[in-house]
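Undergrad: Please model the entire structure based on the sequences and the hints provided.
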Amino acid sequence: MSPGPDVIILGAGPAGMAAATRLRDCGVAVTLIDEQPALGGQIWRGIETSHNGPLENALGKDYRAGAGPAAVLRASGAELRLAAQVWQIEEGWRVFVKTGDAVGMVTAPILLLASGAQERPNPFPGWTLPGVVSVGGAQIMLKTSGQVPENPVWVAGSGPLPLLYMTQLLALGGRLAGYLDTAPRENFSKALPHFPAALTGWRDLYKGARWLWQLRRTGIPVISDVAEIEAKGNDRLETIAYRRRGGEWISMPAEVLLAHEGVVPGVHFTLALGCEHDWRDDQLCFAPRLDDWGETSREGLFVAGDGAGIGGAEAARLRGEITAIGIARRLGKSSESEAARLAKSPRRELARALATRPFLDALYRPRPEIFVPAAETVVCRCEEVTAKQILDAARLGGSGPNQVKAFTRAGMGPCQGRQCGYTVSHLLARQQDKSVGDVGFFHIRPPLKPVSLGDLAALHVEESAL
Amino acid sequence: MFVRPFDSQQKAVPVVIDGETVMAAEGEMLASVLLRTVPFYTRTTPVSESRRAPYCLMGVCFDCLAVVDGVASVQTCLVPVRAGMRVERQHGRREVPL
Ligand code: FES
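Listed in order, the protein sequences are those of chains A and B. According to UniProt numbering, the first sequence is numbered sequentially starting from 1. According to UniProt numbering, the second sequence is numbered sequentially starting from 1.
By construction, these hints were calculated from the structure, which means they are not laboratory data. For each residue, glycine too, the CB sits at the ideal point set by N, CA and C. Where hints are given, some of them may not hold.
[Unchecked claim] Covered stretches of chain A (in silico footprint by chain B; criterion: 3 or more residues with CB under 8 Å from a CB of chain B, positions within the stretch not fixed): (1) 92 to 98; (2) 287 to 297.
[As the list claims (entries may be wrong)] Selected chain B positions facing chain A (in silico; Cβ < 10 Å): (3) PHE6; (4) SER32; (5) PRO39; (6) VAL47; (7) LEU57.
TA: If you want it as structure tokens, here you go:
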């Protein structure tokens, strides 16, 4: 019977990797679990199987920087459970995982959630058609398969990711049809006051400016202040239409549309575990309430990385480090004062890594239309519930997200509200003239990922867990 | 819809999709293969039977569900390609789990 680990970490992106490596340095037994078959998270997807080819060159230096930490972690003696889906977490902490056909449980006194972010739900009419793909998804295909859209592609959205993706695509000889920039024009003046503080992070600002410049230099159409988009087709995307703020609808043929409206912390685990959350108006999302060491309102449960609030890869790595220092202190590996001393430099670096955030959050604040989509828009992709059905249900007496869920089935499908939760909350907030923070989010209950009854029956609780 | 223009160093292996053999790179995501295979969809929805294709590629949207080696409702964006995999596009309600 082997003893269980001291710490379980969920998520092998920059935060989880940094935390695992640091904890191993302190002699802490770590089990690191990830859904993907390799280390790297989304930002460094495929880094362990990448080679030094044109693809890696096009993906850029920040991508290639993931190879070193992955190799160090591999050699650290952390137990890796990859290609493993977590479907339930219980107090104590017991983490139930499914790897292929095998179901099992790992248990440890400390659990660190480093499962990162997801793209913000981005509903518009036709976003469920084959041919509409998220920009994040397209970038993952680029990283893992070197896969690109076959024909010149339309990209619609806001934020650094579309700019980065388009730069990478162009560097690989991919072709763009045009960019529909959906960031409201008024964002610019609202972002300006944050600019001086952002200058500490001038390197990041410079990167973004260079992407934009490279894009403009290609001469492809860049259409700004796009307020609404629509995708149309039978069985697959055939046409897209857009409308600039105050303008007319314009449509054009399209085979693929890549869309993106920023990223939000993945909060399903912390919601299901009953942690306190706060509504963050600056990033328009819920985030778990954390102390200085990344501990949630539930003892022994920590969060690091973009799951703690969007900060990007470097901030995620630093939050992973800081949280690991805090956990080592909790496990008695270091004193309070030693932990404070060790955390000093990563805290300083974290402040620097986050310096551009208020500026970027304001500059790329999503257009209001994605939160209150047109009536016929499918909001819940799984159960195919439209914005109108949600508003009707709310009017009939379903006042909160959970009542609306019971009435309409929105949020009951396998994605468990990952694609509709925010939209439902926003629609209700608008209708009831409340803040989204007051409306709240769906109650999230296990299983956190669909499991079959067969899986449950086959659950073999490992002896080490007892 | 999507193509893979690069000569990667990954090994090319056959995968069978609805009876048709296509070549894929060992270890790439099955969802990527489905997005370059006519007719470019993975499943139809239980409610309106409309076609869906992989959308998020990171395990969040569940539109990439298909039947893989006899197991229904598999998220193909989380499944690495192995030689000889048999994939069927998934139709309607039947197998959506819990
Ligand atoms: S493509 Fe979204 S879950 Fe697989």
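Undergrad: Decide, hint by hint, whether the structure agrees.
TA: Structure-based check of each hint:
| no. | hint | result |
| --- | --- | --- |
| 1 | 92 to 98 | violated (count 0) |
| 2 | 287 to 297 | violated (count 0) |
| 3 | PHE6 | 4 Å, holds |
| 4 | SER32 | 4 Å, holds |
| 5 | PRO39 | 8 Å, holds |
| 6 | VAL47 | 4 Å, holds |
| 7 | LEU57 | 3 Å, holds |
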